[in-house]
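Read top to bottom, the protein sequences are chains A and B.
Just so we're aligned: 243 in this note's numbering is position 75 of the first sequence, and the numbers increase by one with no gaps anywhere.
Just so we're aligned: 161 in this note's numbering is position 29 of the second sequence, and the numbers increase by one with no gaps anywhere.
Rather than coming from a laboratory, the hints here were simulated on the basis of the structure.
Don't take every hint at face value.
Stated by the list, open to error - Computed list of lysine-lysine pairs in DSS-like fashion (alpha-carbon distance at most 25 Å, straight line):
hint, chain 1, residue 1, chain 2, residue 2
1, A, LYS569, A, LYS232
2, B, LYS174, A, LYS298
3, A, LYS476, B, LYS134
4, A, LYS343, B, LYS204
5, B, LYS294, A, LYS343
6, A, LYS343, B, LYS134
7, B, LYS174, A, LYS308
8, A, LYS476, B, LYS198
9, B, LYS198, A, LYS308
10, B, LYS174, A, LYS476
11, B, LYS206, B, LYS294
12, A, LYS493, A, LYS371
13, A, LYS343, B, LYS174
14, A, LYS207, A, LYS308
15, A, LYS596, A, LYS207
16, B, LYS206, B, LYS134
17, A, LYS516, A, LYS461
18, A, LYS596, A, LYS232
19, A, LYS369, A, LYS232
20, B, LYS198, A, LYS232
21, A, LYS308, B, LYS204
22, A, LYS476, B, LYS206
23, A, LYS476, B, LYS194
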Amino acid sequence: MITGAEIMVRCLESEQVGLVFGYPGAAICPFYDSLSQSKIRHILVRQEQNAAHAASGYARACGKPGVCVATSGPGATNLITGIATAYMDSIPLIAITGQVNQWLLGRDVFQEADITGACESFTKHSYLVKDVSDLPRVFKEAFHIASTGRPGPVLIDIPTDVQTAEIGSFDYPQKAEIAGYRPRTQGHAVQVRRAAEAVRKSKRPLIVCGGGVVSAAAREELISFAQENQIPVVSTMMGLGVMPMDSPLYFGMIGMHGHENANRAIHAADCILLCGARVGDRAVNDPEKITEKSMIIHIDVDPAEIGKNMDVDIPIVGDVRLVLKSLAQQMGAAPETGEWVRRLARDKAEFVPHGTPQNGTGFVEPRSFFRALSAMMRENAILISDVGQNQIWAASSFNVKLGRFLTSGGLGTMGYSLPAAVGAKLAKPDRQVVCICGDGAFQMSMCELATLCESGAEVKIVLMQNSRLGMVWELQNRYYGGRCPATELEGNPDFVALAGAYGIRSALADSNGSAERLAREMLESRGPFLLVCRVDPGAPTL
Amino acid sequence: MKHTLSVLVENQPGVLSRVASLFARRGFNIDSLAVGTTQNPKISRMTILVDGDDHLVEQVEKQLNKLIPVIKVKVLEPGAFVSSELTLVKVACKPKQHAEVLNVARLMGADVIDVAAASLTLRFAGDEERSRTLLELLTPYGLREVVRAGSIAIEKGSGVLKNNKE
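Chain A with its partners taken away, still in its complex shape (with noise of 0.2 Å):
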């Protein structure tokens, strides 16, 4: 006989889940019993909410589904903002939690909420598992929907008796049988020729790469595609890093925060190819401009994302990787773009990167600071940035070359980056891992710290301290009238200290200097480490 709670851990065994990210409860215990005899690391995060994000960070570096687990109750709506963060930025994740006894299922009883109901917007499916016998297929199911199309979080909700019953034997099935899902993966071929034939057509064709390239992992594909016919790219702030940054055909970041050559570039391009980018208002703002002057060719898994924010002449529904593949050998002779690259990059010569290095003032200057860092990071370091004027900064400063830049673009949640940073390092311990916040995200998940260390990841945490919420104390001072409610951060802690009280080193900045210095010296150090970076607090966004 073997119980439903082994039956979940064979199944993650299954699946090669070697890593889980929790926090227990009562009505998960009977899992966590079982996991105990199991060769999975379960890693004890301080806080369920960044159980979520650890998990996907994990799954962002190494692109398999992230598993994170709770109990039922608080820690299931713990949950809840990260499986939302996973959502809006369509990484899979499978959270399981643990649910009240079926019996007293819809009486309110101590620790039950309807996790499945509460997540209906969040997830790309949710399963509330009523018999002990379905629980293989489920999570098969869980994982391939998860892991598939347009990926994304999936919840599994399991009474605490489904996880105690006893069944004769485990067996998980080969394959997922969903009938109301098949996403479709190939473009449509007379799309991809039409596709093919107006990039050719056109002069000033741009390529918008989005956070499904990285999704479909067509990183190759997209610069070999750009490269072999010589068409100029941009990125959006989930693309960030696909196109290595000093490549001769990458023109920067669109969006409200992003580089004035790239939103002029968008506004000047006649065929525009957008790959895995669903057009966000942060990043095209006025998309009927654009429209009007340009034919829109749009790539994406998602059909629903097709045409839902601009309108578009060729739709492709397809995995990035496989279409721009398939549209490679349709190209035949590449557009002649000579003079539509040549005058982007006078563009982009005219830009002068904002910031210069500060010294003598107290204060680190945070745009030239990120261009200091990443020169003296790993190639293919992972930088994962935080929510506020610490992600713009290090947005459109930080120089991507074969690494990756992971951000919470989406949903745009504080407290992300630590557990995320986490999750990451695990996913990779090879690589450079360094995580930015500022004070504000730093404090919603500093408990974090605890884990960081109990769990051995070599984090470096970049801490942009300006004392206060600097993006929304821009906002105000813009179009409040200069009235600043709630933006300043008055009871702050000694980081430094709090990093000591923890065992993690940790070291203070005041100027560029000190901070090129500093961090040369946090990432030659073994172990985590807090460089806390001393920002001018009027220091501005762009």
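Once you've looked at the hints, dock chain B against the given chain A.
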């Protein structure tokens, strides 16, 4: 403009809530929604009426397709389907008016399902327009209670909405 969608879904608990939640979250307004099982007990069919332009109905269709328990979605072509809805109506009606109301019922093809001293209750099945006509004809007598089940629709001809699984 009103659009009629025919949707095959897996017959599981929670599916209706997923569909309803999708409409709520995306700000789509449902005009009418009717659900029932099909000849296959594992599959239910929903008929959904939404009011909006082509862009909206395209979004509704695509978003519905994203839901895992949704097997098939079809926007029915105007003129290419027949529809019907069930209406129960309690008409205020003194005994001396019975003949008149019964006459309206007979002309419209409604059944009398309950008779009381001061009311007659009719049951009517027909498309939305005929239901409306019936209610208009009964209004002068006084409509005490009206219950409508929402429209269900089926395509004309021998074509069927296929479940890809079968």
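Check the hint pairing LYS206/B with LYS134/B against an upper bound of 25 Å on the C-alpha distance.
Status holds; Cα separation ~14 Å.
Do the alpha carbons of LYS343/A and LYS134/B lie within 25 Å of each other, as the hint requires?
Roughly 40 Å between the alpha carbons, so the hint for LYS343/A and LYS134/B is violated.
Would the pair LYS198/B and LYS308/A pass a check requiring their Cα atoms to be no farther apart than 25 Å?
holds, 19 Å
Holds or violated: LYS308/A and LYS204/B, Cα atoms, limit 25 Å.
holds, 22 Å
Mind checking the alpha carbons of LYS493/A and LYS371/A for me, to see if they're no more than 25 Å apart?
The given pair, whose Cα atoms are some 22 Å apart, holds under the 25 Å limit.
Decide if the proposed pair is consistent with the structure: LYS207/A and LYS308/A, CA atoms, cutoff 25 Å inclusive.
holds, 20 Å
Are LYS206/B and LYS294/B close enough, with their CA atoms no more than 25 Å apart?
Roughly 10 Å between the alpha carbons, so the hint for LYS206/B and LYS294/B holds.
Proposed proximity, LYS298/A with LYS174/B (alpha carbon, max 25 Å)
Holds: LYS174/B and LYS298/A sit about 17 Å apart, inside 25 Å.
Hinted pair, alpha-carbon criterion (25 Å max): LYS343/A, LYS174/B. Please report holds or violated.
Roughly 20 Å between the alpha carbons, so the hint for LYS343/A and LYS174/B holds.
Just to be careful, I want the Cα atoms of LYS174/B and LYS308/A compared with a cutoff of 25 Å; is the pair within it?
holds, 20 Å
Do the alpha carbons of LYS369/A and LYS232/A lie within 25 Å of each other, as the hint requires?
violated, 39 Å
For a C-alpha distance cap of 25 Å, please report whether LYS343/A and LYS204/B respect it.
Holds, because 21 Å separates the two Cα atoms, which is no more than 25 Å.
Hints 6, 10 and 19, counting from the list given before, are not met by this structure.
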